[in-house]
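Number of protein chains: 2
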Amino acid sequence: MIDLDAIKDSYATTPSKIVLLVVDGLGGLPHPETKRSELEHANIPNLDHLAQESACGLTVPVMPGVAPGSGPGHLALFGYDPLKYLIGRGALEALGIEVDLRRGDISARGNFCTADQEGNLVDRRAGRVPSEVTIPLCRDLDQIQIEGVDLRVYPVEGYRFVLHLRGEGLSDMVTETDPQRTGVSALDVKALSPDGEKTASIVNEFVSQARGILKEEERANMVLLRGFSGLPNLPSMGEAYRLSPAAIAAYPMYRGLSTIVGMKVIPTGRTFSDELDTLYEHYEDHDFFYVHYKPADAAGEDGNFEAKVKALEDLDKHIPRLLELKPDVLAIAGDHATPAIMAAHSWHPVPFLLHSQWTLGEGVESFSERSFSMGPLGRIPATQIMLLALAHSGKLTKFGP
Amino acid sequence: MIDLDAIKDSYATTPSKIVLLVVDGLGGLPHPETKRSELEHANIPNLDHLAQESACGLTVPVMPGVAPGSGPGHLALFGYDPLKYLIGRGALEALGIEVDLRRGDISARGNFCTADQEGNLVDRRAGRVPSEVTIPLCRDLDQIQIEGVDLRVYPVEGYRFVLHLRGEGLSDMVTETDPQRTGVSALDVKALSPDGEKTASIVNEFVSQARGILKEEERANMVLLRGFSGLPNLPSMGEAYRLSPAAIAAYPMYRGLSTIVGMKVIPTGRTFSDELDTLYEHYEDHDFFYVHYKPADAAGEDGNFEAKVKALEDLDKHIPRLLELKPDVLAIAGDHATPAIMAAHSWHPVPFLLHSQWTLGEGVESFSERSFSMGPLGRIPATQIMLLALAHSGKLTKFGP
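From first to last, the protein sequence lines are chains X and A. In terms of this note's numbering, the numbers along the first sequence are unbroken and rise by one, the last being 404. In terms of this note's numbering, the numbers along the second sequence are unbroken and rise by one, the last being 404.
So here's chain X without its partners, still in its complex pose (with noise of 0.2 angstroms):
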């Protein structure tokens, strides 16, 4: 854990190799008709292999019953505590574009989305608008002025975008625009202390003036903001583990969580394989790699349960690829479990496996919930496994006399 003051002098600079392949929305839950998981259907034989000679377990993202999103998820990962280390969906938005965020700013997470003539809400993502429609919807909503604050509106991608503020005495004490359901309208932003005033008066004008910009369009006449945050204090992985970590991951957010947490961000592609690409022509300058895979959780998300079987069998393929870096420490966690039967994430612990000079004995028979949880690492809390790392990568010195 990050700060886990007993036993920060424990952590040594080492040559060793660590890499963290993110498995986003890992865990999954049995079918019903066939009481197997996504991973107990899917033909994974690299990661079965694998299985049967790392030190196998189970994470608790946060705790028994409570689903993270991808951030606490991630957070909990990286050895934050993710009660106590939380950030805000604007903020997170912002850094995963790569926005120059500074103390004082506020951002929000931005939707364009459709409303009717009474201005009651049909779409909250605007038909999933494409980007080539937003991008010169952006540029507009960004010559918006106010006074006393300077604002931008950055494209993120197709619907989403992020509201940018910077000024004196602005907050995150606020509400959100967005009623989370159609058929209503679209909420004013109100003040949740009076630290909030200014923000919440400068959103809802900023929200009354796009609404005038957008009225023509077709599809995208109208905004939805929330998430309203700064950025959040955190202390730096590389300082606190003393690594030098590098992050590589296709999608935004991720390489927004990666810059909070002090990670440096390496550009990379659209794909998984990119992302090796990319692994291996910066192998030498790291000692710590975050390798993000996402479309496990897409597919769960949608409730597809053979897409996600499938976005298993595709991540398998490339095991062989990452094994043949002979990382010193490979881990394989998830953030979350996904069930594809719950469509959405869940709180159920998510198998996690660690490969190491030291787990060649160790082994389980295949890789799946069911199998994990009889797993030599028992059931840990996510945020442990940072320390388990370090440790098999010879970073964490002994404890003690």
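Check the hints yourself; a few may be wrong.
In this list, chains with the same sequence are indistinguishable; a pair is considered to hold if it fits within one copy or across any two.
To be verified - Below, simulated DSS-like cross-link-like pairs (lysine-lysine); rule was C-alpha separation at most 27 angstroms, straight line: (1) Lys38 x Lys20; (2) Lys11 x Lys87; (3) Lys193 x Lys11.
To be clear, the hints were calculated from the coordinates, so they are not data collected in a lab. Model, not experiment: these values are computed from the prediction.
Given the coordinates of chain X, work out where chain A should sit on it, guided by the hints.
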């Protein structure tokens, strides 16, 4: 857990229904001759079948080695850290018979008992003297007047009564009169701190006058008092979890407990069948129901293995009726183990089952300690089951972006 600040905004009020069936003393131990526990001996086809489509595991009531009373055992199941939220026996008993307790009141649990001519105790329960004898005696004791205090004596049942004191400067910092064994006399009450002086003096005066009033009685010729306590200050379950919780329990102490944690106590009859009738009648009125089953604990405390087996089989017969309600979550838990071979509460982990739409593929083979020790829920603190129940019924929203 009831006071997990970081997720306090994650609870949502929804129409889904949770039924928490607490089988008092559910856990047991294998018999030395058969090596099988009460649950393993019992013919419980409904519970076994339920286990095959439920998420199962074991709960640790407090921590390894610590055997809780039903008070702490239940508090933990409701989400209260039992080491932090302490409730005295007297307050529990008083609330159980619906005494209107207020801050500053002190209550004690009373036993009518039998003493010999030297004043030494012969029977700490006065031969389990019946209510027809003790109700008039309570009225006599209720007449006792002591300066500076308003004193009441309420019958509970048989040899049990409650002494209720209201006045200025009362305190729970006093010792008990019950020596917890026969062959010696009852103890004088002593103050544990200066705060307790007034209360100690009042109670000793009460006992002295009671001895006089009761001295001609054949069995109930003396009183024992213990568990001096005031009204504890617990956060309300309903407020914390955004529930409308109700309690259905035939035995007074559990109604008292339920009141303390903010549940609505629904009057019911004397048997579990009556409790189920009450559940059916009021099912539309609440979203959370605590239902209590006592007979397994009573048999266990008597050291009667066969009787405990039968009590579990009797419970099993009611399960189909419970399932016909189709609660969104049915959780079956125990406040502690009461192994018949120990004839007492023990510290052993207790079987826990949760049935919801998400558990149909999870199942284990049968409903027993051994089977559940391999279950997907693992071994968790009892304080975490409410989070699972809320998550499975859609009442706990995702944590973080």
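Hints the structure violates: just list their numbers, smallest first. Hints that this structure does not satisfy do not exist here, as all of them hold.
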